[in-house]
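Residues per chain are reported as follows:
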Amino acid sequence: MQRYLFLLMLWAPLSLAAIDAYEFRTPVDEIRFQELTAELRCPKCQNQNIADSDAPIAKDLRREVYRLINAGAADSEIVDFMVTRYGEFVLYRPVVNSHTWFLWYGPYLVLGVGALVILMIVYLRKANRRARPDAKKTELTAEERARLDALLEKDNKG
Amino acid sequence: MRKLLLFIPLALFLGMGFFLWKGLYLDPREIPSALVDRPMPAFELPSLTEPERNLTVADLTGEVALVNVWATWCPTCKEEHSFLNQLAQQGVTIYGINYKDEPVKATAWLQRYLNPYREVILDQEGRLGLDMGVYGAPETYVIDAEGTIRYRHVGAVDANVWKQLQAVIEQVEGAGA
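Protein chains in written order, with the numbering used here: chain A, 1 to 158; chain B, 1 to 177.
Please keep in mind that the hints were generated in silico from the structure rather than gathered at the bench. Take the hints with a grain of salt, since some may be wrong.
[Stated by the list, open to error] Derived lysine-lysine pairs resembling BS3-like cross-links, with alpha carbons at most 25 Å apart:
| # | chain 1 | residue 1 | chain 2 | residue 2 |
| --- | --- | --- | --- | --- |
| 1 | B | LYS78 | A | LYS44 |
| 2 | B | LYS3 | A | LYS44 |
| 3 | B | LYS3 | A | LYS126 |
| 4 | B | LYS105 | A | LYS59 |
| 5 | A | LYS44 | A | LYS59 |
| 6 | B | LYS78 | B | LYS163 |
| 7 | B | LYS22 | B | LYS3 |
[Stated by the list, open to error] Residues from chain A that face chain B, not an exhaustive set, calculated with beta carbons under 10 Å:
| # | residue |
| --- | --- |
| 8 | CYS42 |
| 9 | ASP54 |
| 10 | ILE57 |
| 11 | THR84 |
| 12 | TYR86 |
| 13 | ILE121 |
| 14 | VAL122 |
| 15 | LYS126 |
All C-beta atoms, glycine included, are put in the ideal place defined by N, C-alpha and C.
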């Protein structure tokens, strides 16, 4: 039982989003409303989307999204409506432009640099081994063997 | 070469440390306004002082002015109100937008704390506020003579903020002349 309780917790955000009890003309509209309000950031309480936030401004924005959906606006139009008023700041999924390309592609860049570093390390190791082929050999020279024997003998006597 | 590689983590640490340290001094509430250098959104809303008269953008144009978004439910608005009164006495034109408020309370407030506004736009629904990207009162905008928004300040106006606003006003007036 306890194992499945956490599954209930996963549903909590969804039930919060429906707090205003709006009525939609079609189920598709309702899903669009849920998705849009989950993706738009509340300008006042900046770490929440407008679906989760209790701030009055988030409520106003939810009402606005609802109004626009019922007026037949497309998702992109609703997003544009918010961006012209509150700036790109409200997008939790920012558009790709000159300001945000690093945000989008930075991780791949870092991944590439990491791969490059690993390749370089591997290459350097190989090159090292090729330059000194006997470096890894553990056999002792006659001189070293004689010295080791002498030391061991001394140790045994003492 | 190998030794240089060893310095990569240190370089990464210093780089990240620098950005995080800079981040400590940024105000996350400062959102760049999407409306700067764009015209005031169109509206037709009643005046608080004369409810039978409707105000539009045309009522705000003609000279460089401040537009102050305020409400009686907003404690910071009370804080800045006496400073706005001072500015009005100095001859600064200030228009008020009474944002999501009750007209009765707003009228009583202006009687009690004096009225620094040339006109007060009654935005009970918050529709004009929404069109302007207002997300919390008080907010103060600088608009030029044509009604184009030139600057936006979120939070109370005090002597320090006024210096910034003044610089913007001078710049706008200089450009217009």
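These are the hints, each one checked on the structure:
Proposed proximity of LYS78(B) and LYS44(A) is supported: the alpha carbons are some 20 Å apart, at most 25 Å. For a cut-off of 25 Å, the pair hint linking LYS3(B) to LYS44(A) is broken: about 49 Å separates their Cα positions. This hinted pair checks out: LYS3(B) and LYS126(A) have alpha carbons roughly 17 Å apart, not beyond 25 Å. Distance hint between LYS105(B) and LYS59(A) is fulfilled; the C-alpha atoms sit about 23 Å from each other, no more than 25 Å.
The straight-line distance between the Cα atoms of LYS44(A) and LYS59(A) is roughly 11 Å, inside the 25 Å bound, and the hint therefore holds. Pair hint LYS78(B) plus LYS163(B) holds up; C-alpha atoms about 20 Å apart against a cutoff of 25 Å. Between the alpha carbons of LYS22(B) and LYS3(B) the distance comes to roughly 30 Å, so the proposed pair goes past 25 Å and is violated. The restraint placing CYS42(A) at the interface with chain B holds, with a minimum CB-CB distance near 8 Å, inside the 10 Å limit.
With its C-beta approaching chain B no nearer than about 14 Å, ASP54(A) sits outside the 10 Å limit, and its interface hint is violated. Among the interface hints, the one on ILE57(A) holds; its C-beta lies about 5 Å from the nearest C-beta in chain B, closer than the 10 Å criterion. At a threshold of 10 Å, the smallest CB-CB gap from THR84(A) to chain B is about 6 Å, leaving the interface hint in force. The beta carbon of TYR86(A) is positioned within 10 Å of a beta carbon in chain B (closest approach about 5 Å), and the interface hint is therefore held.
Taking 10 Å as the C-beta cut-off, the interface hint given for ILE121(A) holds, the closest approach to chain B being about 7 Å. Because the closest C-beta pair between VAL122(A) and chain B is about 12 Å apart, greater than 10 Å, the hint is violated. About 14 Å separates the beta-carbon of LYS126(A) from the nearest beta-carbon of chain B, more than 10 Å, and the hint is not met.
This entry does not satisfy hints 2, 7, 9, 14, 15, going by the numbered hints stated previously.
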